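Visitor: Listed here are the chains, written in short residue letters.
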Amino acid sequence: MIKELSVKTHSHSELVNITGLVQEAVSESKVTEGVCIVFVPHTTAGVTINENADPDVKSDILMKLDKLVDWNDRDYRHDEGNSAGHIKATMTGFSQSVIIQNGQLQLGTWQHIYFAEFDGPRSRRVKVKII
Amino acid sequence: MIKELSVKTHSHSELVNITGLVQEAVSESKVTEGVCIVFVPHTTAGVTINENADPDVKSDILMKLDKLVDWNDRDYRHDEGNSAGHIKATMTGFSQSVIIQNGQLQLGTWQHIYFAEFDGPRSRRVKVKII
Amino acid sequence: MIKELSVKTHSHSELVNITGLVQEAVSESKVTEGVCIVFVPHTTAGVTINENADPDVKSDILMKLDKLVDWNDRDYRHDEGNSAGHIKATMTGFSQSVIIQNGQLQLGTWQHIYFAEFDGPRSRRVKVKII
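Protein chains in written order, with my numbering: chain H, 1 to 131; chain F, 1001 to 1131; chain G, 2001 to 2131.
Hints in this document: simulated from the structure, not taken from any laboratory. Keep in mind that a hint or two might mislead.
As the list claims (entries may be wrong) - 27 Å max Cα-Cα, derived DSSO-like pairs, lysine-lysine:
| # | chain 1 | residue 1 | chain 2 | residue 2 |
| --- | --- | --- | --- | --- |
| 1 | G | K2030 | H | K127 |
| 2 | H | K67 | G | K2067 |
| 3 | G | K2067 | F | K1067 |
| 4 | F | K1003 | H | K127 |
| 5 | F | K1030 | G | K2030 |
| 6 | H | K30 | G | K2003 |
| 7 | F | K1030 | F | K1127 |
| 8 | F | K1008 | F | K1127 |
| 9 | F | K1030 | H | K3 |
| 10 | H | K3 | H | K127 |
As the list claims (entries may be wrong) - Chain F is nowhere near these chain G residues, computed Cβ spacing over 12 Å in every case:
| # | residue |
| --- | --- |
| 11 | G2020 |
| 12 | Q2023 |
| 13 | E2024 |
| 14 | P2041 |
| 15 | W2071 |
| 16 | S2123 |
| 17 | I2131 |
Note that the structure is predicted; figures quoted are calculated from it, not measured. Think of the CB as a built atom: it goes at the ideal place given N, C-alpha and C, for glycine as much as any other residue.
Model the full structure from these sequences, guided by the hints.
Guide: This is the structure in structure tokens:
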């Protein structure tokens, strides 16, 4: 079974907490022991895991990635102008694999799953597969 | 079943589209629903997903990684001189997990799978496992 | 079955070889064909794969990540002061998927699995799931 989630982003760069939606997909599947694959089918967005307690962590991650992969490098040749988004997506990754036990995602205490928008705002999709 | 692919690279840094080879391995396996793990068994090469439409995206990714992880940092101590390749491989990752439905890789419209060479040219291998 | 490993780190940044512990978990599981998911349940540590032969590769990876994601960027807002650790963890990744055949991790000749500490020293955990 594949569950497809919709994610609406509102900024150029944004980390959207999708932990609740992913856990919902796990619960619906009735799978109690396994692995959940969260896959982003885009090329200027990815998925990561990080801290949820302090929202400054999210903005620090986005700020630093922006400094490292600046938007306006004069050596970019891709004429859509969003090469930085493509590069950040490759650096962040397109999937996360999270272990399931007793029907629950086995995330650490401070971990949440984030959709990583690098060329928004857009309407995006996430595929969730439970095995 | 594990399928082993051979990839010949021709440049020092190169993204080689292996989507067709991976889909062939999926088709041969006769698995219609599952997950495909693409694993690179090297330490100066990885595997990523990105856009196939405009080849400038590939060259922009390689150009920016080269600027970030320059080849000649005088602080490198590894005497084979290819530390940059090792670092880029860790930043890109050694595996991709792609969902399979109806016997097809569930990639997004613009997504293709790329072998990421960071210390070529070389003869490389890729392992594909379907579960 | 999930096996939980304990990892003690001794430096602020450190790559700890956990290949032996992960192979032990695979052997205990008696699974001969499958995939091993190594998952780090922290937000300032990750897991990667890289070379074991020359220890300078490890220190070069850590050195370069430290230069890219400096510890004291005055634009960081997270008041625990460890934003660099969070960012490096996202760049490195929180899981690795390694294929199992004949009960053995199918790593390449030079590949080992490393717990990547980015805000140590600490007592850390790693979850290993075999499917």
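Visitor: Against each hint, give a clear statement of whether it holds in the structure.
Guide: Right, here's what the structure says about each hint:
no.	hint	verdict
1	G:K2030 x H:K127	31 Å, violated
2	H:K67 x G:K2067	13 Å, holds
3	G:K2067 x F:K1067	13 Å, holds
4	F:K1003 x H:K127	25 Å, holds
5	F:K1030 x G:K2030	26 Å, holds
6	H:K30 x G:K2003	22 Å, holds
7	F:K1030 x F:K1127	17 Å, holds
8	F:K1008 x F:K1127	14 Å, holds
9	F:K1030 x H:K3	22 Å, holds
10	H:K3 x H:K127	6 Å, holds
11	G2020	18 Å, holds
12	Q2023	15 Å, holds
13	E2024	20 Å, holds
14	P2041	19 Å, holds
15	W2071	16 Å, holds
16	S2123	24 Å, holds
17	I2131	6 Å, violated
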